[in-house]
Amino acid sequence: MIGEPLIDTHAALGHWPWADFSALDADSLEQRLEAEGIEQAWVCATESILYPEPDRFDERLFATCQGRSRLLPVKTINPVLGNWRESLAHAVGPLGARLIKLYPNYHRYPLLDEPAMELARTVAALGLPLLISLRVEDERNQSPLLQLAAVPVAEVATFAVSNPRLRILVLGAQYGEVATLLNLTPNLYCDIAFAETGDGLEPLLPRIPEGRLLFGTHTPFFYPRAAVRKLAGAQISAAARRQIAHTNARAFLAGTAG
Amino acid sequence: MIIDIHTHPRWQGNRPLQHPGEAEADAMVATAERHGIHALCLLGCFYSYPDEEGIRAINDATLSMVRRQPGRLHGLCFLNPALPARAVADEVERCLSAGLSGVKLEYEVNARDRRLDPIMEAVAAHGGFVLHHAWYKTCGHVAQESTPADVAALGARHPRTTLLMAHLTAGGIRGVLDIRRYPNILVDTSGSPPVSGLVEYAVDQLGAERVVYGSDYPIRDFATQLGRVEGAHLPPTAREHLLWRNAARLLKLPNS
Chain A
1 MIGEPLIDTH
11 AALGHWPWAD
21 FSALDADSLE
31 QRLEAEGIEQ
41 AWVCATESIL
51 YPEPDRFDER
61 LFATCQGRSR
71 LLPVKTINPV
81 LGNWRESLAH
91 AVGPLGARLI
101 KLYPNYHRYP
111 LLDEPAMELA
121 RTVAALGLPL
131 LISLRVEDER
141 NQSPLLQLAA
151 VPVAEVATFA
161 VSNPRLRILV
171 LGAQYGEVAT
181 LLNLTPNLYC
191 DIAFAETGDG
201 LEPLLPRIPE
211 GRLLFGTHTP
221 FFYPRAAVRK
231 LAGAQISAAA
241 RRQIAHTNAR
251 AFLAGTAG
Chain B
1001 MIIDIHTHPR
1011 WQGNRPLQHP
1021 GEAEADAMVA
1031 TAERHGIHAL
1041 CLLGCFYSYP
1051 DEEGIRAIND
1061 ATLSMVRRQP
1071 GRLHGLCFLN
1081 PALPARAVAD
1091 EVERCLSAGL
1101 SGVKLEYEVN
1111 ARDRRLDPIM
1121 EAVAAHGGFV
1131 LHHAWYKTCG
1141 HVAQESTPAD
1151 VAALGARHPR
1161 TTLLMAHLTA
1171 GGIRGVLDIR
1181 RYPNILVDTS
1191 GSPPVSGLVE
1201 YAVDQLGAER
1211 VVYGSDYPIR
1221 DFATQLGRVE
1231 GAHLPPTARE
1241 HLLWRNAARL
1251 LKLPNS
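The listed protein sequences correspond, in order, to chains A and B.
With the working numbering, the residue at position 20 of the first sequence is 20, and numbering never jumps.
Count along the second sequence from 1, add 1000, and you get the number used in the working numbering.
These are calculated hints, taken from the structure and not from any lab test.
This structure is a prediction, so every number in the text was calculated from the model and none was measured.
There could be a bad hint or two in this list.
[To be verified] Which residues of chain B face chain A? A partial, calculated answer using Cβ under 10 angstroms: (1) A1085; (2) A1087; (3) Y1201; (4) R1228.
Cβ coordinates follow ideal geometry from the N, Cα and C atoms, glycine included.
Put together the whole structure using the sequences plus the hints.
This is the structure in structure tokens:
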């Protein structure tokens, strides 16, 4: 549909209490990705969002992804837990993690407090990029049992400005938030999964710096076809489409962006 | 073929655009065509609590757009049922006699409000349908905004009137179950991000003939919203019902 290989920077595998993902295992996720032309997906463990300690489900995720070139596992770190330093060391050592992800609203900490700031300095010193989940669900459609505001854009911006050597991919930003974030500091990147207006991606591109918008589906929460069609249907140059589809993600991961 | 049952012309502040007729009609059709969509149903420029003059302006804009692109644009009469009953009834008669396909209700009054009864009856008499906004919002609920349970109550009171409940994702599983036992109520897929699983769930619970593709353009984008239906695991015949057959039936198009 796109005519370019796709790198999905926003994917997950596992169970979620308010959705039925039971039919999705690593095999069927790979098949789903392949059917959509997705060459690689950055996959986190869904359970690590709500379970009190991410290591248990992340260990399983990394084991599951071993030998599957289409699935690049993401390590979730909760910096308010007493074992986060060991958890991070284990992730980047034996597990071989190349991507670290934070859920500040689900794990209940401000990004500007010392735990997250120390983690940012540590990840930057390792030369790794950081993923920050701004939201998992549309706030209006959340279960009444778990209503969480998105991570404040201003907080993400200050966090990014305070850690200029750290490459940060913000996942789940809506259209206006993408435009705001990407114009604030050059070490911020965003994915397209939640970014939507009637005019598609076209009006967004002139408003943001080149090279900082990445393809993301938010599968299995969203139908992956939606993001694929969003990018396929955008009236943008072939070069811009290629950048969003995979070039920007490769550069972000490799540390050669910007 | 694809028909989008839930779209709006653009608006600015609390007014339709200055000249929404020809230019907006042509632009919407061209944009839709680029995404493979053959026809659109316009629900009116969307703004809150319009007075009688505002209602006429909204519906005049819809009528002018439908006349500009016959066959490609269809339309519904937007109403504020809180306005005097005579004015509401006259506007329904004016718009449906002029060729609009039914009525759009937002959140000026709740779906349980008895002021909707004559509207429902008038639409049934014209053989049209009523499209009603609905949402189980967990934040930002608007006063008088209807939930799917409210819409179900309206449909139960008027079994002869075809009622299309908006926003499948916003109603969620509970919303689907609310309307399940009322065969005169359908649901459209418009709005919200493309949350997975709900399209299949709605088809399973309601049947493919009661689920209709809609986008909520220009609040949402055609491509993303189509991806929701195209990405759902459905048999080809069910997908056909969602993408155009059900809308064609509602709009009384030839060969529907």
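Hint check:
Hint status for A1085 of chain B: violated, given a least beta-carbon distance of 33 angstroms to chain A, over 10 angstroms. Using the Cβ-Cβ criterion of 10 angstroms, the hint placing A1087 of chain B at the interface with chain A is not satisfied: the shortest such distance is roughly 31 angstroms. A least Cβ separation of about 8 angstroms between Y1201 of chain B and chain A falls short of the 10 angstroms threshold, and the interface hint therefore holds. A cut of 10 angstroms between beta carbons decides the hint on R1228 of chain B: the least distance to chain A is about 5 angstroms, and the hint holds.
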